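There are 2 protein chains.
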Amino acid sequence: MRIAVDAMGGDQGVMVTVKGSIEAVKELGINIILVGNEEIIKNELSKYEYSGNNIEIISAEDIITNDEEPAMAVRRKKQSSMVMGLNLVKDKMADAFVSSGSTGALLAGGLLLVKRIKGVDRAALAIPYPTKKGVSLLLDAGANTDCKAKYLQQFAIMGSIYMEKILDTANPKVSLVNIGTEEGKGNELSKETYDLLKNTNVNFTGNIEARDIPEGDADVLICDGFVGNIILKLTEGLAMSIFSLLKEEFMSSFTSKIGALLLKSGLKKFKKRLDYTEYGGAPLLGIKGVVIKAHGSSDAKAIKNAIKQAKILVENKVIERIEDEVSFLGGNHDREERI
Amino acid sequence: MRIAVDAMGGDQGVMVTVKGSIEAVKELGINIILVGNEEIIKNELSKYEYSGNNIEIISAEDIITNDEEPAMAVRRKKQSSMVMGLNLVKDKMADAFVSSGSTGALLAGGLLLVKRIKGVDRAALAIPYPTKKGVSLLLDAGANTDCKAKYLQQFAIMGSIYMEKILDTANPKVSLVNIGTEEGKGNELSKETYDLLKNTNVNFTGNIEARDIPEGDADVLICDGFVGNIILKLTEGLAMSIFSLLKEEFMSSFTSKIGALLLKSGLKKFKKRLDYTEYGGAPLLGIKGVVIKAHGSSDAKAIKNAIKQAKILVENKVIERIEDEVSFLGGNHDREERI
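So the sequence lines, in the order shown, correspond to chains A and B. Those letters in the first sequence? Residues 998 to 1336, per our numbering, in order. Those letters in the second sequence? Residues 998 to 1336, per our numbering, in order.
Just to be clear, a hint being listed does not mean it is correct.
Copies of the same chain are indistinguishable here, so a pair counts whether it falls within one copy or spans any two.
[Claimed, not checked] Think about it this way: if two alpha-carbon atoms lie no more than 25 angstroms apart in a straight line, the pair counts; the simulated DSS-like pairs of lysine-lysine are:
#1 Lys1261 / Lys1089
#2 Lys1254 / Lys1130
#3 Lys1044 / Lys1195
#4 Lys1308 / Lys1115
#5 Lys1308 / Lys1089
#6 Lys1182 / Lys1112
#7 Lys1230 / Lys1170
#8 Lys1044 / Lys1147
#9 Lys1044 / Lys1314
#10 Lys1145 / Lys1188
#11 Lys1254 / Lys1244
#12 Lys1129 / Lys1254
#13 Lys1285 / Lys1254
#14 Lys1112 / Lys1308
#15 Lys1170 / Lys1254
#16 Lys1188 / Lys1147
#17 Lys1188 / Lys1162
#18 Lys1285 / Lys1075
#19 Lys1182 / Lys1145
#20 Lys1182 / Lys1195
No lab work stands behind these hints, which were simulated from the structure alone. Here the structure is a predicted model, which is why all the values come from computation and not from measurement.
In isolation and in its complexed conformation, chain A is listed as follows (with noise of 0.2 angstroms):
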């Protein structure tokens, strides 16, 4: 199996993309192809004394960053090494793609050069959201800002078909995110999509509300692109500020300093337990090729684990279980796209 890999995205670069390649490598058994600058990568290669032949790469000129309008990079910069990575899934020269880059570009690179799924409307972002219980699967993560209730239905089944053969989730449970548990609450989008879920042949469980989300008695959240990015902003916004709330607290007294000293490890393992860059990375679903978003944060230890997570993809057959499912329910792929 062939993984490419973005050498080029992420807050830290070619520094944790090589290492967490060499780390995959070994532990894994597959090949990787680190797409990016080849003199910058040989360079980080060479640190590691890494002399096998199953890193192979391939050069791009390019970078696509952060603040770049993202259809427009994608069009542009045909030698970056995000649209060659996708170009190599899309040619199958890769089974997949990994890049902690512009999660923009990516969607809308995915989107153009690599295509949907025949039968899937809208492809969407799938996030691994923390729970108390381990973890949820929330769709749609920001992708898609307006929906209708066929988009929010094949989230549903892509986000099942998913939880159950990437995180061993026998029978997942999909939850509906809404503003009321019973049925017929909430907005028009969320009634019709209740309706439509009830006759989909997923593991229905009915709504949820968001502040049950936590507590993680749903496998798998749908909800619109504009939603589900609240939901995963406003969650890092909150543990971020609780943090340094509490961090005021412990620093404010002798006694306080102490109490925190003495909770240090706990508190670590605590963080921990929220950061969902601990869960892998995300899943753009819908389109005919293995991609992932690792986050942009990723360490080598999380690019590793979303080179893991691709390889399960492939492996379990994803994409074609999702043609199969979706074809089912008859959408309409002759759309042009708009990006």
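Following the hints, complete the assembly by docking chain B onto the known chain A.
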């Protein structure tokens, strides 16, 4: 000034509504009308040996519970404490009404009985949201699941007036909750609302991402009721789950237990800072009277604070100011309420 209080509402009912009312009368120099079962209220008043004549009782036989369908309950239970209290405001027999009963019924009753201000298309529930810097006002927090841009524009005006007059914030910063900070980001609703807010007589500071909400840089947070409710409930859920995770870590070893003990007062203070019941009730903005929703779990102090808040709303003529500001917009008032 006469403020009506729903004596029967909330998790703790008369136990806290009566006590809170007595405290309010003593502290604020106002008159209270307790609406509810006369016998139960009298019995409760006798416990405090209250003999003043600043508290009047208006007998209401019925109670609307949290699990009743709101609009139906309001239409049918004309002798309920909530309907009778709202009618006191409508008939100008009371200057304001405070209830910790069913949010849905209070919203429905506010619209059906007290009715919307001319020019206001939708009334909104405005929730004080605790942040690192103090408190922001979040609206709509759940009254309107599907919104048009002009409703959000009106929410911005109403929230701005409230924040300025009641929470003493000069020139309050109004931000649109969105999934990106730049203009042009978000869904159709947010793009259209952004355009409207640029040309509205409020201090519009642009989009705010959910990640930044807890920082407290915005004074007024504008969103539709679906998103607002998700934000509110997720905040509650996360705070609860973070506390339970912390507790778990703290109880995991002997040293951490001692650490937690030393931190006890700090943790308590911290928990209080996150508790939005500390920041008073939530006004229903856009109707022709002062109606405050106190939290269901209110204690006597929270009830007293909600009464105080109602008093300030009346004194500052907030309803009249909203009427003035909104009249410039030319909203549609001739629509029948659909509840």
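Original post:
Does the structure break any of the earlier hints, and which numbers would those be?
Top reply: 1, 3, 8, 9, 13, 15, 17
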